[in-house]
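Take a look at the letters that make up each chain.
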Amino acid sequence: MKRKDTVKLISADEMEFVIDKDAAMVSQTIRNMLTSPGGFAETELGEVTFPEISAVILEKICQYFYWALQYSRGKETEFHIEPELTLELMMAANYLHA
Amino acid sequence: MSNQKKRNFQIEAFKHRVVVDPKYAEKTWSILEHAIHEIYNHNASGLSFEELYRNAYNMVLHKFGEKLYSGLVATMTAHLKEISKSIEAAQGDLFLEELNRKWNDHNKALQMIRDILMYMDRTYIPNTHKTPVHELGLNLWRDNVIHSSKIQSRLLSMLLELVHRERTGEVIDRGLMRNIIKMLMDLGSSVYQEDFEKPFLEVSAEFYMGESQKFIECCDCGDYLKKAELRLNEEIERVTHYLDVKSEVKITNVVEKEMIANHMMRLVHMENSGLVNMLLDDKYEDLGRMYNLFRRVPNGLSTIRDVMTSHLREIGKQLVTDAEKLKDPVEFVQRLLDEKDKYDSIISQAFSNDKTFQNALNSSFEYFINLNNRSPEFISLFVDDKLRKGLKGVSEEDVEIILDKVMMLFRYLQEKDVFEKYYKQHLAKRLLSGKTVSDDAERSLIVKLKTECGYQFTSKLEGMFTDMKTSQDTMQGFYASHPELTDGPTLVVQVLTTGSWPTQPSITCNLPAEMSALCEKFRSYYLGTHTGRRLSWQTNMGTADIKATFGKGQKHELNVSTYQMCVLILFNNADRLSYKEVEQATGIPASDLKRCLQSMACVKGKNVLRKEPMSKDIGEDDAFFVNDKFTSKFYKVKIGTVVAQKESEPEKQETRQRVEEDRKPQIEAAIVRIMKSRRVLDHNNIIAEVTKQLQSRFLANPTEIKKRIESLIERDFLERDNNDRKLYRYLA
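Protein sequences appear in the order of chains A and B. Here the first sequence is numbered in the UniProt record's numbering, starting from 1 and rising by one per residue. Here the second sequence is numbered in the UniProt record's numbering, starting from 1 and rising by one per residue.
Isolated chain A (complex conformation) (with noise of 0.2 Å):
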């Protein structure tokens, strides 16, 4: 059941996760990809597909997307970030540009 204003993004992997649009606009470049003015698949189909990044990668991006809505609406929790995650979700940060 997709809901309007979801997204769905898509690992390398081909796990599918469901997630807000409002938190998936986090990321710079998903937003422009989602806003984008050209008729790209990714706003037609309201999926995005990263090759590149693992199901694990991307669920803590996940995460950290309701985190930082929750924190930017005051909630000052900690982001808990496994050290052997960080260089992965380094990249793919700055590929995400969040």
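None of these hints come from the bench; they were simulated from the model. One should not assume that every hint holds.
What the hints assert, rightly or not - Facing chain A, a subset of chain B residues (Cβ under 10 Å, in silico): (1) 61; (2) 116; (3) 119.
We put the beta carbon where it would ideally sit given N, CA and C, even for glycine.
On the provided structure of chain A, position chain B as indicated by the hints.
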């Protein structure tokens, strides 16, 4: 693809992306290039944003940013060149539409490209200080399309032609214009200015120069101004609809300059319809329009002001020197007030109460009112007339309004002391003959004068009022203490303090016996309560009411002057009297006697006396009889009361002389005051200071001041400095 075993921090996962493959860059770039083509061909729907973004990201990451950038430039340029060809191919009016469409396409494509190349924009470009993608796109558009030789000139001429068409009344596609202009603005303000605004302003200037030439030949001033206003509003509207806001000031300047500034003088002085005619005809709307339009150009308002001032001075001068008008002072002053009202309303309605215009009006009035040196006298006569009868039945507020207006004229006078003299005379006559319409009005005017000129001015006037009141009380006291006198003739005495009232030479006449007895009684009564004072009867200023019975039995009550009463009482004891007998018996001075006999014998309707011979003038040998045939419709007949009139020439000279005499001590007082505080002062400065001090009363004559200084030196108040003849010193 992704690495499961993260614990080793192996970087093997990325190994397959290391640039082992030299063609990697080429391959990636061709993907992107293809994508750009597709975007320009409106085929983007099949593409994956993420893929393209990833590719661009990778290129930059692996240091192929340069290639990416230059490739972008090349591709875009190629596309734009094609686009410009297709625009050039468009015919006629379709040119602009085609341009607009292609511009929109380009913008859309540009945004898409920028989105996918976002990473490059973020990292590579700031590092290398190259132009960001969006700006790059605009610049390329500008260079390849707008500035392509064929398109540039055509674009400009089309735009100007459309503007011209609209100016001549056609309807054009404003939306299209707006988009094109916006495009130019987006490309940079210098593009807008160079490629459009400057030529636009030049062409507009020419256009309006032509327009104004055409109009000014065939229109009159009012119409021309209407047209100018129309065009101005049209241009402003044009700017709001499809031009840059910053252009508004520039284009309005152009219109103002061409249509107004260049023709200002001609408009203002136009025959039969220029400024002067508008003023004369009270054309508020036209004047208001002229004011608003001229306000926009430098010197516009001062031109209007100057013309108005010189016109005002002209008509003012005519007014005050026109002998016809001067015959009736009340009329004269009324005309002045009317003019002032007219111009006040012009200034308030058409010139939005502009202070500078108000000042110009004031200075003009001041100028011409003082051209005629009888103005103070006339203004006083006007007030006199109003206070005698003009204000009868007028409401209190209206009275205030009229008095305020008079005060306004008073302020313009330079010789206020002359006014004071006349006002005193007229007030005295009014008070003594009991002819003032409203005590409140009189007092109100005094208060106004006091506010304007200070206590000194009005102290004597107030003294006159006080005397009148005191006299009333005295009379009450007199009759209260002499109850036996109530049967005889009633005496009403006004005791006047000499200093306050205008000085008259006091010549007494011989009062009839009944009266003189009564007068003596009063004198002793008064001196009983006020010892140390001296009373002298002013018989030339009194009035009397006498009951007369004529030949056929008709009774009348006559209101006459004291002199006339003396003459008439004589006829109680004699039927015929010659001039000489009358003169001897009454002791009235010759000129006054002649006047008084004239008014009783020669004036129709008031001829209670008959004269032989029946000539108009009184001769020394004339004889007088009571006129038994005297008839009048009214029971009470008024004969020859003393009315304030315009002075005859000799009287005028006399008054003026007295004024001059009065000024001398004032000047001296001013000189002494100044020298006392300054101790030493040179000639020019004294003159300046004295003039300034006396300004509120009159305009001091420098020669007169010099004479006064000489006189003071003679009397040892001042001395000349030994070394410098122009320096004066105060002697304590």
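(message) Less than 10 Å between beta-carbons is the criterion; does residue 116(B) satisfy it with respect to chain A?
(response) With a minimum Cβ separation of about 8 Å from chain A (threshold 10 Å), the hint on residue 116(B) holds.
(message) Just to be careful: measuring from the Cβ of residue 119(B) to every Cβ in chain A, is the smallest value less than 10 Å?
(response) At 7 Å from the nearest chain A Cβ, residue 119(B) passes the 10 Å test, so the hint holds.
(message) Hint validation: residue 61(B) versus chain A, beta carbon distance must be below 10 Å. Holds or violated?
(response) holds (9 Å)
In summary, this structure violates none of the numbered hints.
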